[in-house]
Amino acid sequence: MRKSWDEYWFDLVAATAERGTCPRRQVGALLVKSNTLLATGYNGSPSGHPQCDEVGCEIENDHCVRTIHAEINVLIRSTPEQQQGATLYTTDFPCRRCSQVIANTGIIEVRYWRDYRNAERSIELLELSGISIKPS
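Converting from the sequence shown to the numbering used here requires adding 158 to each position, the first position being numbered 1.
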């Protein structure tokens, strides 16, 4: 039986997450519009910088701050025009900081696979921005 588009995108976002370089959590993100893949992103250090899987995590307040989040990387790799009306697929519900950036992009929907702790503020922020939130 043929996979639905959501199943297909979630399979791809899971494969994208495998590129993540932080052993604490590998996260992937895709930007999709009209069933067309526009960009991918995963969590990793800035280009040319040491990666967590090479030198270890840099922990502040129980979070690794060495890496750029997958959601930010997918936005860096797409244009504002592509972001307008697009759907963001991600393995993990976006953190507050990522949600703030997503709220400024024109993305209309966030689809996610796993919950993220303390997501109440992120949910509120995205909903106030008119962004639809849908778990897988």
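Keep in mind that the hints were calculated from the coordinates and are not lab data. It should be emphasised that the depicted structure is a prediction, and the values quoted were computed from it without experimental measurement. Take these hints with a grain of salt, some might be off.
Below, a list of computed lysine-lysine pairs in the DSS-like style, where the Cα atoms sit at most 25 angstroms apart [claimed, not checked]: (1) K292 with K161; (2) K292 with K191; (3) K161 with K191.
Evaluation of the provided hints:
no., hint, result
1, K292 with K161, "holds (18 angstroms)"
2, K292 with K191, "holds (16 angstroms)"
3, K161 with K191, "holds (18 angstroms)"
The structure agrees with every numbered hint stated previously.
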